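Asks: One letter stands for each residue in the lines below.
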Amino acid sequence: MRLFELGERTAKVHESLVTLPELAENTDVRAVLLDIADDPAALKPYLNRLELVVLRFPIFRDGRVFTQARELREYLRFSGEIRAEGHVLPDQAAFLKRCGVDSVVLPEGSDPELWKRQLDRFPVAYQRSVLPSRPVGAGLRIEEET
Amino acid sequence: MKRPVRVGAGEKLVLTANRLLDGTIVWRDRLGRWRPVIGAAEKLDAERVGDVLELAQIRAQEDGVVGVYEVAVRDVDPPEPVTVRERIRAHGPTVHPEFAVETVQ
Amino acid sequence: MSVPVGHYQYDQIDRDFLEARIAEFSEQVARRIDGSLSEDEFKPLRLMNGLYLQLHAYMLRIAIPYGTIDSKQMRMFAHIARHYDRDYGHFTTRQNIQFNWIKLEETPDILRDLATVDMHAIQTSGNCIRNVTSDEFAGAAADELVDPRVHAEILRQWSTLHPEFTFLPRKFKIAISGSPHDRVAARFHDIGILARPGDDGRTVFRIFVGGGLGRTPIIGQEIFDSVPEERLLATLEAIVRVYNAHGRRDNIYKARIKILVQALGIDAYREAVEAELAQMDLEHYRLTPEMVDAIQARFAVPELSAPENAAQELANRQRENPEFDLWVRSNTHPHREAGHIIAVVSLKPAGGIPGDATSAQMDRLADLADEYSFGELRITHLQNIVLGHVRQDRLYDLWSSLKEVDLASANIGLIGDIVACPGLDYCALANARSIPIAQKLGARFGDASLQAEIGALRINISGCINACGHHHAGHIGLLGVDKRGEEFFQITLGGRAENGASIGTILGPALPEDDTVDAIARLVDRYLGIRKDGETFLDTLDRLGDAPFKEAAYETV
Ligand code: HEM
Ligand code: SF4
Numbered sequence: 001m002r003l004f005e006l007g008e009r010t011a012k013v014h015e016s017l018v019t020l021p022e023l024a025e026n027t028d029v030r031a032v033l034l035d036i037a038d039d040p041a042a043l044k045p046y047l048n049r050l051e052l053v054v055l056r057f058p059i060f061r062d063g064r065v066f067t068q069a070r071e072l073r074e075y076l077r078f079s080g081e082i083r084a085e086g087h088v089l090p091d092q093a094a095f096l097k098r099c100g101v102d103s104v105v106l107p108e109g110s111d112p113e114l115w116k117r118q119l120d121r122f123p124v125a126y127q128r129s130v131l132p133s134r135p136v137g138a139g140l141r142i143e144e145e146t
Numbered sequence: 001m002k003r004p005v006r007v008g009a010g011e012k013l014v015l016t017a018n019r020l021l022d023g024t025i026v027w028r029d030r031l032g033r034w035r036p037v038i039g040a041a042e043k044l045d046a047e048r049v050g051d052v053l054e055l056a057q058i059r060a061q062e063d064g065v066v067g068v069y070e071v072a073v074r075d076v077d078p079p080e081p082v083t084v085r086e087r088i089r090a091h092g093p094t095v096h097p098e099f100a101v102e103t104v105q
Numbered sequence: 001m002s003v004p005v006g007h008y009q010y011d012q013i014d015r016d017f018l019e020a021r022i023a024e025f026s027e028q029v030a031r032r033i034d035g036s037l038s039e040d041e042f043k044p045l046r047l048m049n050g051l052y053l054q055l056h057a058y059m060l061r062i063a064i065p066y067g068t069i070d071s072k073q074m075r076m077f078a079h080i081a082r083h084y085d086r087d088y089g090h091f092t093t094r095q096n097i098q099f100n101w102i103k104l105e106e107t108p109d110i111l112r113d114l115a116t117v118d119m120h121a122i123q124t125s126g127n128c129i130r131n132v133t134s135d136e137f138a139g140a141a142a143d144e145l146v147d148p149r150v151h152a153e154i155l156r157q158w159s160t161l162h163p164e165f166t167f168l169p170r171k172f173k174i175a176i177s178g179s180p181h182d183r184v185a186a187r188f189h190d191i192g193i194l195a196r197p198g199d200d201g202r203t204v205f206r207i208f209v210g211g212g213l214g215r216t217p218i219i220g221q222e223i224f225d226s227v228p229e230e231r232l233l234a235t236l237e238a239i240v241r242v243y244n245a246h247g248r249r250d251n252i253y254k255a256r257i258k259i260l261v262q263a264l265g266i267d268a269y270r271e272a273v274e275a276e277l278a279q280m281d282l283e284h285y286r287l288t289p290e291m292v293d294a295i296q297a298r299f300a301v302p303e304l305s306a307p308e309n310a311a312q313e314l315a316n317r318q319r320e321n322p323e324f325d326l327w328v329r330s331n332t333h334p335h336r337e338a339g340h341i342i343a344v345v346s347l348k349p350a351g352g353i354p355g356d357a358t359s360a361q362m363d364r365l366a367d368l369a370d371e372y373s374f375g376e377l378r379i380t381h382l383q384n385i386v387l388g389h390v391r392q393d394r395l396y397d398l399w400s401s402l403k404e405v406d407l408a409s410a411n412i413g414l415i416g417d418i419v420a421c422p423g424l425d426y427c428a429l430a431n432a433r434s435i436p437i438a439q440k441l442g443a444r445f446g447d448a449s450l451q452a453e454i455g456a457l458r459i460n461i462s463g464c465i466n467a468c469g470h471h472h473a474g475h476i477g478l479l480g481v482d483k484r485g486e487e488f489f490q491i492t493l494g495g496r497a498e499n500g501a502s503i504g505t506i507l508g509p510a511l512p513e514d515d516t517v518d519a520i521a522r523l524v525d526r527y528l529g530i531r532k533d534g535e536t537f538l539d540t541l542d543r544l545g546d547a548p549f550k551e552a553a554y555e556t557v
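In order, the protein sequences belong to chains G, U and W.
In terms of the UniProt record's numbering, the first sequence opens at residue 1 and continues consecutively.
In terms of the UniProt record's numbering, the second sequence opens at residue 1 and continues consecutively.
In terms of the UniProt record's numbering, the third sequence opens at residue 1 and continues consecutively.
Same shape as in the complex, but just chain G (with noise of 0.2 Å):
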């Protein structure tokens, strides 16, 4: 596995990873994989022991992971590390960045660097993000910490 970091946040791998419906049992586990089709809400119990949320793609075409991601940050305020992994595209990078999430496992085959490159693309953003900002210009034009 290969984990590819989209900020500053260093990605850690952890012994056991388990699901939504296993997170009660196992009350020492530290990270979870959430179903594509889960509500992330269903985390609010068992925030303070998580430090990762994976979220999977089916297919990269299935945008419920951006939601997901940003619920988790902006209504849960999760501070733990969110990471992506399934059939995802380096042309999403700055999305998932921008929605709140910190790492992906990067699929079979990818090349880092199309996703650095991804990363830095864009010099500014014509709508809030979970990320910290400051206007540029005049009208919604914001530069976002990279």
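Don't take every hint at face value.
Examples of chain U residues lying across from chain W (beta carbon under 10 Å, computed) [unchecked claim]:
| # | residue |
| --- | --- |
| 1 | G23 |
| 2 | A46 |
| 3 | R48 |
| 4 | V52 |
| 5 | L53 |
| 6 | Q61 |
| 7 | E62 |
| 8 | G67 |
| 9 | R85 |
| 10 | G92 |
| 11 | T94 |
| 12 | V95 |
| 13 | H96 |
| 14 | E102 |
| 15 | T103 |
Not close to chain W: a few residues of chain G, all C-beta gaps over 12 Å, as computed [said to hold, decoys possible]:
| # | residue |
| --- | --- |
| 16 | R2 |
| 17 | E8 |
| 18 | L33 |
| 19 | R49 |
| 20 | D62 |
| 21 | H87 |
| 22 | C99 |
| 23 | Q118 |
It is worth saying that the hints were derived from the structure and are not from the lab.
Note that the structure is predicted; figures quoted are calculated from it, not measured.
Each residue gets a CB set at the ideal place from its N, CA and C atoms; glycine is no exception.
Model the placement of chains U and W with the ligands on the given structure of chain G, informed by the hints.
Replies: The following block gives chains U and W with the ligands in isolation, referenced to the frame of chain G:
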């Protein structure tokens, strides 16, 4: 787009695709080359088409084509597609006679 | 450099962003060509940038945000038509332009050319928030409450490469109008917005969700009736977030927001949106008056002034020239400012292809826009072109110039003003050709005085159930269906997109192309025979129901 193709009496199948680089409609000839005129297309029997189609799909990237599929045609020369859709692909848009495509070279 | 009238003026920051987007797309094209992206992976990426693979070639759809362009941009379309295509372009009902003969390898060059006039193809297709459409008479119409284009621009910017909403279950279309006469079909959109002035001097929004045409036509329902400006973006984020999380992804025909709104019911949908809003940090999403004013400042406002006698001049010309008079009656709309008028240039010449324009016509339209309307042009959702601010005393000169390039058809809102999708001549999804039947109908009713006699009557034609030609919303709608490999047309009557939107009902069995044209001719004849004074086609239909029309249409079949 893959639709099941039914072959009626006096009909054959030809393979078609679009060229990746410029989108041009192409037809597969008996040497496996992709040609811009339907007159060059190899006419296949229903029994043979599965294998040829599979091979052509595997080779699509290498051959520089996209969206390979089979088209039912009347067994004449040049072959004439059975459906309006494929006739328009073979001959060009009906509303612009000046863009008509040659069907034989 | 002069600031364009009617649309947002880019600055270097916007241009750098656009350049980055082009670099990204060029690399994606290169990865596709070298095989590192499969067609399945490339397809959503190219669609997100407006590139389709159609029947004959690639098709590129270029965004015309809120339908407004300036003359330089129009000339760029002419250049693209000449250079990269076959000398024409097609204006669509969603205020975009499409080029039908594009080469994949040339698309990066086209995008670079477009960027020199601040244009792009971003989000003109794909499962993302599409080009935002607006009222073609914005900023000019006498009946307008607020010019919706400033907020349309805000929505364009907000939705551009939105990190969360670029892989939605399905496409997402937003329209915004600032007039009580809804000219954007707000209730046929995923989100429809009606803007009006609020008590505090800022703008307030009434929002509809879940409208749409396609195979399941549904009229949008009101979700909020007064959203303050500050909350506009937060509210839209919440609406789209609920959709992104819960919209169906298992069946593309059930993936639009309209299906989700129907499944949950509008009240439950509203509650879900309110639950999101309750958890959101609203300050984070606040659209401040400063932001709005900054964007507004980048729109130039035309300096209107007309001589005292402008209206009199126009009236004189109309009296002198009946042909001009006919055109003025059908092809103009009242302007908010005395001495001015809105002119609609029809792209529906009798027998022509609805919405097509040649490069020469585009160049000429650009010149005329410079000469008569502050260099501003608008594309209408009925595939015509508007010059928004014409002086009344100069309208005759404008009309004379239009006549020279065959752009003076007097048929706006009349039976010749046919809306048709590309149909089977271009579209890979079609059942039937839409254009040839449109051409036959256009030719059949080509005479301008006959059209004036028939009065308001709208024909909409779609080549398949996806309804790109809005056939459900046509007073007469035609839908292409496939009967054992032959092209047939189903007729619907009574659709309308205006206030009191409704969906047409099917008249009877589908007919072949020529029989359909004859049936419509008989049906129109019947209307002329049974209407009461002053009645439009819809009035007569509402009064008598469709029985007399059905009888006429199927008389000899
Ligand atoms: C030729 C290429 C085109 C293709 C492949 C295409 C494809 C589609 C599809 C699949 C739908 C149904 C979407 C759904 O219901 O989920 C649709 C709807 C629609 N399209 Fe197109 N279309 C094309 C051209 C156009 C053109 C030229 C216009 C404008 C003249 C247009 C405007 C629309 C509109 C307004 C709708 C229906 C409204 C709605 O979204 O509910 N499309 N199109
Ligand atoms: S309505 Fe059907 S035929 Fe017409 S453009 Fe849309 S998808 Fe194509």
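Asks: Against each hint, give a clear statement of whether it holds in the structure.
Replies: Going down the list of hints, with the structure as the test:
1. G23: holds (4 Å)
2. A46: violated (18 Å)
3. R48: Not OK, violated: R48 (chain U) not within 10 Å of chain W, min 24 Å.
4. V52: violated (20 Å)
5. L53: It is violated, given that the least Cβ distance between L53 (chain U) and chain W is near 16 Å, above 10 Å.
6. Q61: Where the cut-off is 10 Å and the nearest Cβ of chain W is about 5 Å from Q61 (chain U), the hint holds.
7. E62: holds (8 Å)
8. G67: Constraint on G67 (chain U) satisfied, holds at 7 Å.
9. R85: It holds, given that the least Cβ distance between R85 (chain U) and chain W is near 6 Å, below 10 Å.
10. G92: holds (7 Å)
11. T94: holds (6 Å)
12. V95: With Cβ-Cβ at 5 Å, under 10 Å, it holds.
13. H96: holds (8 Å)
14. E102: violated (14 Å)
15. T103: violated (14 Å)
16. R2: holds (17 Å)
17. E8: holds (18 Å)
18. L33: holds (18 Å)
19. R49: The claim stands: R49 (chain G) keeps its Cβ more than 12 Å from every Cβ of chain W (closest is about 22 Å).
20. D62: Per Cβ check, D62 (chain G) is inside 12 Å of chain W; nearest 6 Å; violated.
21. H87: violated (9 Å)
22. C99: violated (5 Å)
23. Q118: Since the minimum Cβ distance to chain W is about 8 Å, Q118 (chain G) lies within 12 Å and the statement is violated.
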